[in-house]
Each structure stands twice: as C-alpha cells, then as structure tokens.
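Chemist: Fit chain Z to the given chain U structure using the hints.
So the sequence lines, in the order shown, correspond to chains U and Z. Here the first sequence is numbered in the working numbering, starting from 688 and rising by one per residue. Here the second sequence is numbered in the working numbering, starting from 958 and rising by one per residue.
Honestly, the hints are just simulated from the structure, not real lab data. Please read these numbers as outputs of a predicted model, since none were measured by experiment. Just so you know, not all the hints are guaranteed correct.
To be verified - Where chain U lies over chain Z, by a calculated footprint (3+ residues, C-beta under 8 angstroms): (1) 1007-1021; (2) 1044-1056; (3) 1110-1116.
Said to hold, decoys possible - Only pairs whose alpha carbons sit at most 30 angstroms apart, straight line, appear in this in silico DSBU-like list of lysine-lysine: (4) U:Lys876 to Z:Lys1090; (5) Z:Lys982 to Z:Lys1039; (6) U:Lys697 to Z:Lys982; (7) Z:Lys1066 to U:Lys876; (8) U:Lys876 to Z:Lys1062; (9) U:Lys755 to Z:Lys982; (10) U:Lys700 to U:Lys748; (11) Z:Lys1032 to U:Lys755; (12) U:Lys861 to Z:Lys1072.
Said to hold, decoys possible - Okay, the calculated bits of chain Z under chain U, using three or more residues with CB under 8 angstroms as the criterion: (13) 1030-1040; (14) 1063-1077.
Built from N, CA and C at the ideal position, the CB exists for glycine as well.
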Amino acid sequence: MSLEFLNAFKFMKQKSFLHNLDPRAKLLLSVVYTVIALLFIQIIPLFFIFLSLIPLVLLGKIFKQWIKSIRGLSFLVLFIIILNTWFISLSFALAMVLRIYIMVSAFSIFFLTVDPNDLALSLISMKLPYEFAFSFSLAFRFVPTIANEAQNILDAQQSRGYEMQKKGLINQVKNLFPLLIPLIINSIKRAFYVAEALESRAFGSRKERTYYYSIKYSLKDYIFTFYLLVLLTFIIFIRVQINSMPDFLIWSLPV
Amino acid sequence: MINDVPLIMIREVGYEYPNGTKALKNINLNIFKGELIGIMGKNGAGKTSLIRTLNGLIRPNYGNIYIQNENIMTKSIATLSKMVGIIFQNPFHQLFANTVEEEIKFSLKSLNLSKEEIQKKIDEILFKFDLNKYRTRSPLNLSGGESKKLAVASIICRDPKILVFDEPTLGQDAKEIEFFINLINKEREKGKTIIIITHNIEFAYEYLPRTILMADGHIIGDGPTNQLLNNEFLIEQASLISPQVRQLSLAMQQLSLQPQNDINSKNDMINYLRNLIKSKSSKIQEDNF
Chain U
688 MSLEFLNAFK FMKQKSFLHN LDPRAKLLLS VVYTVIALLF IQIIPLFFIF
738 LSLIPLVLLG KIFKQWIKSI RGLSFLVLFI IILNTWFISL SFALAMVLRI
788 YIMVSAFSIF FLTVDPNDLA LSLISMKLPY EFAFSFSLAF RFVPTIANEA
838 QNILDAQQSR GYEMQKKGLI NQVKNLFPLL IPLIINSIKR AFYVAEALES
888 RAFGSRKERT YYYSIKYSLK DYIFTFYLLV LLTFIIFIRV QINSMPDFLI
938 WSLPV
Chain Z
958 MINDVPLIMI REVGYEYPNG TKALKNINLN IFKGELIGIM GKNGAGKTSL
1008 IRTLNGLIRP NYGNIYIQNE NIMTKSIATL SKMVGIIFQN PFHQLFANTV
1058 EEEIKFSLKS LNLSKEEIQK KIDEILFKFD LNKYRTRSPL NLSGGESKKL
1108 AVASIICRDP KILVFDEPTL GQDAKEIEFF INLINKEREK GKTIIIITHN
1158 IEFAYEYLPR TILMADGHII GDGPTNQLLN NEFLIEQASL ISPQVRQLSL
1208 AMQQLSLQPQ NDINSKNDMI NYLRNLIKSK SSKIQEDNF
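Only chain U is shown next, with the shape it has when bound in the complex (with noise of 0.2 angstroms):
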C-alpha cells in the first residue's frame, strides 16, 4: 500500500500563473469553486464547472500531482456511486462524484500552489489571530511529514507479519489499529515537543510582531478576484433562471 496520495496535498516551489497568485485570491478560488459546487445537482453544469477547473491546473503545471489527488478518490467514489445509486438514482450519484471532484481540485489547487509561510501571512492580514494562523500553516506543512511516518509504521508492522488486507469488515477496521494507534501518538508527542520547540524560541511573548516577508496584492491578483466574482456571479445567474434555461443543463440519466 502507498500513503503517496497524501503528497498530492504537498506544496512544490515552482514557477507559474497560480503559484506567483496572492495566497488570498487563491483561497478565494477555493471557496467560489466550493460555493458553486453546492448550487447544482444536475450533471451537466457540474461537469462544465469541472472543466473549467482544468484550465487552472494546466495553468498551475500541477497535472501530475492534480491527477493523482482524483485517483486517491477512488475507493470514496465507488462509495458514492454504491449509496447514491442504491437509495436515489445514478444521475445523482455521478453528480455528487462530479461535486467532490471540483472541491478536491478546488482545495489541491490551493494546497499545491500556496506556499505554507506565505498561509499565515494571509490569514494574519485577514485579522486572525497570529497563534491561530502560525497553527493552520504548521498542521499544513506537517502533512507530508505525517505522511511519511503513516509509512514508516505501515513498513514497521509488515516487517513483522502485518497484512493490510483482511476480510470483513469488523476485521479490516481492527487492522487498522497497528498503524492508527503510533501515528496518533507519535503526532501527540511531536506536538509536544514542537510546542516546547516554539516556547524555547519565546514564541508569543510579544503581542505585536513584525514580519520577514509580506505579501500584496497585485494587479493580477485584481484581476483574477474579479475573474472569480464574475464567474460567481453568472453561475448564480444560471443556477436562479436554470429553469429557463436551455434543456440540456438540466438532462439527467433515464436511471
């Protein structure tokens, strides 16, 4: 087993259109691609707004890790597909997929082209509490970190006799306590020693703080806001007239 879609979530310096984007207009992007996500449940609009995500990540040059973070997807799909199918209809089904597929690439586009110090720094100039920001953009580098240890201890228990794979249900959930009980520990005890890491280095001792690096909002970063404002706005449009509008946005599967 590889814990490798995990790194589909990992930030990689690199040069492009989304990664030199003002954190904030990217955290923008996220919650207007998640927004217009929750409007619809018929497949075609989700599916158009899907597409237009592509665009975005081609622009990002993050195809490779933005294709691995769908294919992680696929057991929580299957999920999906099996209950929606079941209990309402498959036109359903494959429109709550589509739904999760745009917040995921919404939310990988974010994590992959925001660089962790730059996070905190756009939470701090939206007000929030410097302790509460320097936490989010810590739990967020450490992803990788966790990754790796999950691993560490998957290769740890195989070395003695462990098997992923067991049948029932009952079972499978009991196997996974070998790898979930050290990596929740391990990342208890981490959290201690960053905790007495960060106080050693008299972390929060001033109120006011002054910063390395700043971020500002470009001309770009104007243009894309409103780019995404306006894209928000006609997705509305559609979403109050979508019974006036042309028939095929609103087909659906015979089933």
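Modeler: For chain Z alone, kept in the frame of chain U given last:
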C-alpha cells in the same frame, strides 16, 4: 560456520523512488549464512533502501535478489518477513498494543502457532530480554532503551534466519549497547545471519568483521571492517571519519612510536600502550641505577 553458497545474493539491483531519486544503482552483493555484516555510509547513500529490498518493502526496478537460492522478487512481504526480520530505528513506529505481552503476541499471530506455543514463546522471549517485569505494562510507558528492547524482541520471537538492524546503537546507553552486543553474539551462535546499518564507527570497528560502504546508491567498498576503515580514500568517499584507534595509531606513527601496522582494535591499542609504558618505565629505572 560460513558456507560457500551465499544465503543472500543480490544481482544488478537498482531502485528509483517515485519522486525520481535513484536510491540503488547496480548493486551486487553476496552475504553468507552466519555472517555479521555492517552497512555504512552517509545519510541518503541507499543503506535503508537496500535492506528494505530484502523483505519486499521495496521492489527493485531491475535486478534480482535470491535468498536460499530462491528468487524473492515475486514473494509477498508476509512470506519474506518470516525469513528476514527488520528492526527499524524508531521503536515507536510499531508499538501499539495494551501490554508488553500483547505486543509480542501480535508478532507471533501470523506464524500459525497454537495458543500454548505462543504463550511459551512469549514467556521465553520476555525472560530473555529481561522484560518480564513489564509484562502487563503499556509498551508506550517504557523508557527509550526498554522500548527498543521490546521492538527487537518482537522481531526475534518470530525466529527469522536473517536479522537486520537499522541503527541499533542510536540513543542507547553503554549498558544497552553491551546488552545488544551480547544478543547479536548469541543469535550468531544459533547460525543467524546479521546485518547492521550503523553510523557508529567505533562500534563497527570493534565488533563487525565485515562492512559494506555505500555512497550515492553504489557499493564503494566491501571487505573486512578494519581494512575498509583504515583506508583514507574510502573513508572520505563514504563521508566517514577514521576510528579513534586508527587516528591515535597514525599520530603515534608520526612520532615514530608505533612502527607496526597491526593495531586494529581498542584491545590491540591498550596492549601496545601497556607494553610501551612498561618498556619505558623499566628503561627509566635502568637509567636511574
């Protein structure tokens, strides 16, 4: 003790991580039954990747690995873990059970033993590792040294033919290292093959008969530890420093105090210095007369 047919044969093995890092490049290696062998090199040299190929945690991109003349490339980790027991650096990556006893039981479960056999093995191993007093304690409340002991015990109880230790002396006090040395000696007497990854040069120089030096995914040296660690060029290549005994003997050579080149351990040096002091003091006494 050592037979002619290698127990482990590694042939032209190479491995590249998904992120593009080439960890192993054309590795060829023979390890014989009953050998005690060290693997040294700087961080990122490929040491851990190499041992991970032995129980299938890493599947090489090319090349073959044979254990007891059988190609292991298609064997499952579960099957290989019965033959090759790897003890990783951090014991807290594996300890999870409620009690020390259950921790050992977990390792034995996959061996298809009867309840009585499992209980017998648990009693034996806890006694052997002096962990009986902690039997009902949570493994998470043990000290660093005791938890490392438990991690080792949980692999040794499975009785694998090949034991692989990743940095066993790291963070251990002198007594714990002594316990570990006794343990590997006992396991060797039983015919086990032992592979140890270590950065501890003094430990390797003193206790490991054979060492493999790695750098940048290649094996750059393979032979008797003393010979390798006395070789300035290889030491430099593997980013190591000379053992203290070697440094002292070189310094003494510069003072023309130690002409012979056969000092290969702490004991050799102690004996040499003892004889030197004796001869000097008797010379002083003679001069005084």
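Chemist: Between the alpha carbons of Lys755 of chain U and Lys982 of chain Z, is the straight-line distance 30 angstroms or under?
Modeler: Within the cut-off at roughly 27 angstroms; holds.
Chemist: Using a Cβ cutoff of 8 angstroms, are there at least 3 residues of the region 1007-1021 of chain Z near chain U, or does the coverage claim fail?
Modeler: Since three or more residues must qualify, the claim that chain U covers the region 1007-1021 of chain Z holds, with 3 doing so at under 8 angstroms.
Chemist: Is Lys861 of chain U close enough to Lys1072 of chain Z, meaning Cα to Cα at most 30 angstroms?
Modeler: It holds: about 20 angstroms lies between the C-alpha atoms, which stays within 30 angstroms.
Chemist: Next pair to validate is Lys697 of chain U with Lys982 of chain Z; report whether the Cα-Cα distance is within 30 angstroms.
Modeler: Status holds; Cα separation ~28 angstroms.
Chemist: Given the hinted pair Lys700 of chain U and Lys748 of chain U, is their alpha-carbon gap at most 30 angstroms?
Modeler: holds, 11 angstroms
Chemist: Run the distance test for Lys876 of chain U versus Lys1090 of chain Z: straight-line Cα separation, threshold 30 angstroms.
Modeler: Roughly 25 angstroms separates the two Cα atoms, so the pair holds.
Chemist: Given the hinted pair Lys982 of chain Z and Lys1039 of chain Z, is their alpha-carbon gap at most 30 angstroms?
Modeler: The given pair, whose Cα atoms are some 27 angstroms apart, holds under the 30 angstroms limit.
Chemist: How about the region 1063-1077 of chain Z: do at least three of its residues have a C-beta closer than 8 angstroms to a C-beta of chain U?
Modeler: n = 5 at 8 angstroms, threshold three: holds.
Chemist: Against chain U, does the region 1030-1040 of chain Z show at least 3 residues with beta-carbon separation below 8 angstroms?
Modeler: This one holds; 4 residues, not fewer than the three required, reach chain U with a Cβ under 8 angstroms.
Chemist: State whether the coverage of the region 1044-1056 of chain Z by chain U holds or is violated, taking the criterion as 3 or more residues with Cβ-Cβ distances under 8 angstroms.
Modeler: holds (count 8)
Chemist: For the region 1110-1116 of chain Z, count the residues whose Cβ lies under 8 angstroms from any Cβ of chain U; is that count three or more?
Modeler: Holds, because 3 residues of the region 1110-1116 of chain Z bring their Cβ atoms closer than 8 angstroms to Cβ atoms of chain U.
Chemist: Next pair to validate is Lys1066 of chain Z with Lys876 of chain U; report whether the Cα-Cα distance is within 30 angstroms.
Modeler: Judged against 30 angstroms, a Cα distance of about 29 angstroms means the pair holds.
When each numbered hint is compared with the structure, no violation occurs for any of them.
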